[in-house]
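A.B. asks: The task is simple: from the sequences and hints, build the whole structure.
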Amino acid sequence: MSALAARRRTLPGFGLTMGLTLSWLSIIILIPLAGLFLKSLELSPEQFWNILSSRRTLNALRVSFGLAFAAACVNLVMGSIIVWALVRYRFPGRRLFDAIVDVPFALPTAVAGVALTALFAEKGWLGAPLAALGIKVAFTPVGIFVAMIFIGIPFVVRTVQPVLQDLDPEIEEAAGSLGASRWQTIIRVILPSLAPALLTGLALAFARAVGEYGSVIFIAGNLPNVSEIAPLLIVIRLSEFRYADATAIAVVMLVVSFVIIFAVNRLQRWARSRIPAR
Amino acid sequence: MTIEVKNLVKKFGSFAALDGVDLKVDNGELLALLGPSGSGKTTLLRIIAGLDWPDSGEVTFNGEDALAQGARERHVGFVFQHYALFRHMTVFENVAFGLRVQPRAVRKDEAAIRARVKELLDLVQLDWLADRYPSQLSGGQRQRIALARALAIEPRILLLDEPFGALDAKVRKELRRWLRSLHHEINVTSIFVTHDQEEALEVANRVVVMDKGRIEQIGSPDDVYESPASAFVHGFIGESIELPIQVEAGVIRLGDRPLRLAADGLAPGASKLFVRRHDMLVGPPGSGAFEGAVQHVRNFGPVQRAEVALSGGETVEIDAPRDKELRAGDTIGLEPRRYRIFAG
Numbered sequence: 021m022s023a024l025a026a027r028r029r030t031l032p033g034f035g036l037t038m039g040l041t042l043s044w045l046s047i048i049i050l051i052p053l054a055g056l057f058l059k060s061l062e063l064s065p066e067q068f069w070n071i072l073s074s075r076r077t078l079n080a081l082r083v084s085f086g087l088a089f090a091a092a093c094v095n096l097v098m099g100s101i102i103v104w105a106l107v108r109y110r111f112p113g114r115r116l117f118d119a120i121v122d123v124p125f126a127l128p129t130a131v132a133g134v135a136l137t138a139l140f141a142e143k144g145w146l147g148a149p150l151a152a153l154g155i156k157v158a159f160t161p162v163g164i165f166v167a168m169i170f171i172g173i174p175f176v177v178r179t180v181q182p183v184l185q186d187l188d189p190e191i192e193e194a195a196g197s198l199g200a201s202r203w204q205t206i207i208r209v210i211l212p213s214l215a216p217a218l219l220t221g222l223a224l225a226f227a228r229a230v231g232e233y234g235s236v237i238f239i240a241g242n243l244p245n246v247s248e249i250a251p252l253l254i255v256i257r258l259s260e261f262r263y264a265d266a267t268a269i270a271v272v273m274l275v276v277s278f279v280i281i282f283a284v285n286r287l288q289r290w291a292r293s294r295i296p297a298r
Numbered sequence: 272m273t274i275e276v277k278n279l280v281k282k283f284g285s286f287a288a289l290d291g292v293d294l295k296v297d298n299g300e301l302l303a304l305l306g307p308s309g310s311g312k313t314t315l316l317r318i319i320a321g322l323d324w325p326d327s328g329e330v331t332f333n334g335e336d337a338l339a340q341g342a343r344e345r346h347v348g349f350v351f352q353h354y355a356l357f358r359h360m361t362v363f364e365n366v367a368f369g370l371r372v373q374p375r376a377v378r379k380d381e382a383a384i385r386a387r388v389k390e391l392l393d394l395v396q397l398d399w400l401a402d403r404y405p406s407q408l409s410g411g412q413r414q415r416i417a418l419a420r421a422l423a424i425e426p427r428i429l430l431l432d433e434p435f436g437a438l439d440a441k442v443r444k445e446l447r448r449w450l451r452s453l454h455h456e457i458n459v460t461s462i463f464v465t466h467d468q469e470e471a472l473e474v475a476n477r478v479v480v481m482d483k484g485r486i487e488q489i490g491s492p493d494d495v496y497e498s499p500a501s502a503f504v505h506g507f508i509g510e511s512i513e514l515p516i517q518v519e520a521g522v523i524r525l526g527d528r529p530l531r532l533a534a535d536g537l538a539p540g541a542s543k544l545f546v547r548r549h550d551m552l553v554g555p556p557g558s559g560a561f562e563g564a565v566q567h568v569r570n571f572g573p574v575q576r577a578e579v580a581l582s583g584g585e586t587v588e589i590d591a592p593r594d595k596e597l598r599a600g601d602t603i604g605l606e607p608r609r610y611r612i613f614a615g
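One line per chain: the protein sequences are Y and F, in this order.
Once you know that position 209 of the first sequence is 229 in the numbering used here, the rest is easy, because the numbers rise by one and skip nothing.
Once you know that position 63 of the second sequence is 334 in the numbering used here, the rest is easy, because the numbers rise by one and skip nothing.
Hints were generated in silico from the structure; no laboratory data involved.
No false leads were mixed into what you were given.
Label pairs and their in silico Cβ distance ranges: (1) F:Ser327 / Y:Leu211: 30 to 40 Å; (2) F:Lys389 / Y:Tyr233: 51 to 61 Å; (3) Y:Thr30 / F:Gly526: 56 to 66 Å; (4) Y:Leu287 / F:Asp402: 20 to 30 Å; (5) F:Asp402 / Y:Arg114: 36 to 46 Å; (6) F:Glu390 / Y:Ser201: 20 to 30 Å; (7) Y:Val134 / F:Phe283: 44 to 54 Å; (8) F:Glu425 / Y:Arg178: 37 to 47 Å; (9) F:Asp467 / Y:Ile101: 40 to 50 Å; (10) F:Glu344 / Y:Arg178: 33 to 43 Å.
From chain F, some residues computed to sit far from chain Y (all C-beta separations above 10 Å): (11) Lys277; (12) Thr331; (13) Lys441; (14) His455; (15) Glu510; (16) Gly557; (17) Gly604.
Examples of chain F residues toward chain Y, derived with CB under 7 Å: (18) Leu322; (19) Ala342; (20) Arg343; (21) Phe349; (22) Phe351; (23) Ala355; (24) Phe357; (25) His359; (26) Phe368; (27) Gly369; (28) Val372; (29) Ile424.
None of the values given here were measured: they were computed from a predicted structure.
A virtual CB, placed ideally from N, CA and C, is assigned to each residue, including glycine.
C.D. replies: Printed below as a string of structure tokens:
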């Protein structure tokens, strides 16, 4: 770009907004995260390794990431079906259901945790029949899974919904007139068109579930090595004044989350590059 | 494949998109459905394709009831105005789609599918674009790919909904000619919808003029241009002058001025007189059926277009040859070489 072109930018205010963006992101996100890393540097590599390789830490990370991923996958499937129903059909109460999707966004997570626990406890409305079948939900890893599904669902619905709404119905008519069955149209035409949005929804639901604390600790039972999530272990270490331990776990969570989000993002960009804007 | 449509009615709420349409399309024809927007032409096309369903009436293909089948079973190629290409597939996969979704029993093997797609891309002269995505193509190329995709399933009928509507004027003209020669080559019974009269007259063997959910006229391009069956057709096709006239006691009047035109066989009362712009011949004052004052003159390619205030109180635009000297302020006589009068 020539100097002349640089001076004659059509949109003014680049310097101001860029400066604000950078300082704001630094204050809100980058500096706290840098502090976290600095704190963990107080540990020698050996200590760091020992904290991480302890059975309790590994199990907590496994519970958090494993269940978060499973919950995100369930949300992906169920969220897609909910989106389909909300976008494609007109039925009484549609607006109400549409609003209900947002409840997990707004509800204080502790309230959600208490409600879910009451519901799934052995004498609860859903807990009792499930207990009769031999399935325990509250105070087990299954409870964590349920809470993570609860808080993740709006992320999938709200990312996929606008994309499905904008999907040209003529595309489906074209597929039908070319002889595709309804199922073939969904698999070959609709799902690939939604793929970038589905991946985004999956990533957001996963990230939310990994970080979830409030609702999970009520229903989890918090048994070390079984139903203890990594964020809870961090809180426990903090209350024991073992700050370095806490930051070490936090750093690992941060790095793993970042790697996963980054991978999904690349995947998403790849999917989107194949479906460029019209 | 012959298509027969009988007494088709389709309502959207209280609006009648089709209000009793009868139409017969012969095997191998290239038929244009022409009309303004809201005339029901696209609805008729979509019902024939199986993308919409009529409230009542019949649609038969070769005498067989087509309404008993869905779009999928009808084996009809449909081309959309906005192409409706699959954006996540390459051009090749778009064209191959109809072949790949066939039931396993009749599905071609991969080599045969490749050969067929290659053949179709050659037919639309775009084989070099096989690996591109639709977003990388121009509008004209996209529409040709959409056509190749529709032809892949060897459709019994080809239906095109405003196929060139989203393209710019130059590409549109090229594709018109191309479509006509393509039809000549493949000879599939084809119907296309357009609101562009020039397109309909240039491409089609027969033109169906529609208005307000009804067919106004069916005929060859010459028929509908030279002998319009109704006031609507005359006004819609070709550039026409429309004059409100009164017929009384064997005399035709424009406003208070009697015209020197024969009123034989005309019902008394208000009527409309239609003349093509270029059918108004300019003469000296006092000659011809009309008289008027030239308001202004503009040159338009081979003709000059003059705005003339007729005595009797209407202002019309006429097209006169360039060699005729016309100036603003002149008083001239006008004689309609050909004209038609429609009651109402």
